[in-house]
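K.L.:
Sequence:
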Amino acid sequence: MNDEPPPPARGPSSPDGSQGDGTPPPQMATRYPPPAQPVQALPREAYTPWFTRVLAWLIDNIPTFLILGIGWAVLLATQETTCVTEYSDADMREICVMEPSMLGQASASFIAPILVLAYVIWNYGYRQGTTGSSIGKSLQNFKVVSEKTGQPIGFGMSVLRQLAHTIDAAICYIGYLFPLWDAKRQTIADKLISTVCLPLSSTGKVT
11 MNDEPPPPAR GPSSPDGSQG DGTPPPQMAT RYPPPAQPVQ ALPREAYTPW FTRVLAWLID
71 NIPTFLILGI GWAVLLATQE TTCVTEYSDA DMREICVMEP SMLGQASASF IAPILVLAYV
131 IWNYGYRQGT TGSSIGKSLQ NFKVVSEKTG QPIGFGMSVL RQLAHTIDAA ICYIGYLFPL
191 WDAKRQTIAD KLISTVCLPL SSTGKVT
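Numbering (the working numbering), first residue to last: 11 to 217.
Honestly, the hints are just simulated from the structure, not real lab data. Please note that a few of the clues may not be correct.
Stated by the list, open to error - Label pairs and their computed distance ranges (CB to CB):
hint: 1; residue 1: L65; residue 2: L202; range: 49 to 55 Å
hint: 2; residue 1: R54; residue 2: A87; range: 46 to 52 Å
hint: 3; residue 1: W82; residue 2: A51; range: 44 to 50 Å
hint: 4; residue 1: L68; residue 2: E90; range: 34 to 40 Å
hint: 5; residue 1: L65; residue 2: S119; range: 52 to 58 Å
hint: 6; residue 1: L113; residue 2: G166; range: 35 to 41 Å
Cβ coordinates follow ideal geometry from the N, Cα and C atoms, glycine included.
Start from the sequences, fold in the hints, and give me the full structure.
P.N.:
Shown next, in the form of structure tokens:
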């Protein structure tokens, strides 16, 4: 017969989670996100060349040119002829002039610009902000990312980056030429927003 005393019974858990015998509750392991990877410096050749960026800009603006062109085509195609008859003591003559129609004016002055604005916001704001590439950049196989995280910068910052390009243009467009000699091939807008252009195959973070 075993003379050892039975183990003490555990009572119900108290409201604070401890066991009835005073034993503290087991601690749950807290999971934290992995630490950020160290930022990797890249050589100048790793950044997207200036000429490639120019080609992407041209591709991105093809829809803009088409929309505005259609707007002006409608304006010209729907012109109306207005004639005025002038009388004098010895003669009568009719003067006719071409005037834009209401449809043409609305097409060129309102509808086309609104469509262009919507396209620019979608292409440079949403598409580029979420994926890193506008239509032109995607076709040229590069992306715009944060130089601190290597990730797309989001809708708001992408729109802000486009607005910052006005500074590139304000100084006789010299800001657009910065990638020709800059170590990271950045424009002034890139420097202000802390972005760089990298090939789509690049996964490393940059500094």
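K.L.:
Which of the listed hints are not met by the structure?
P.N.:
1 and 5
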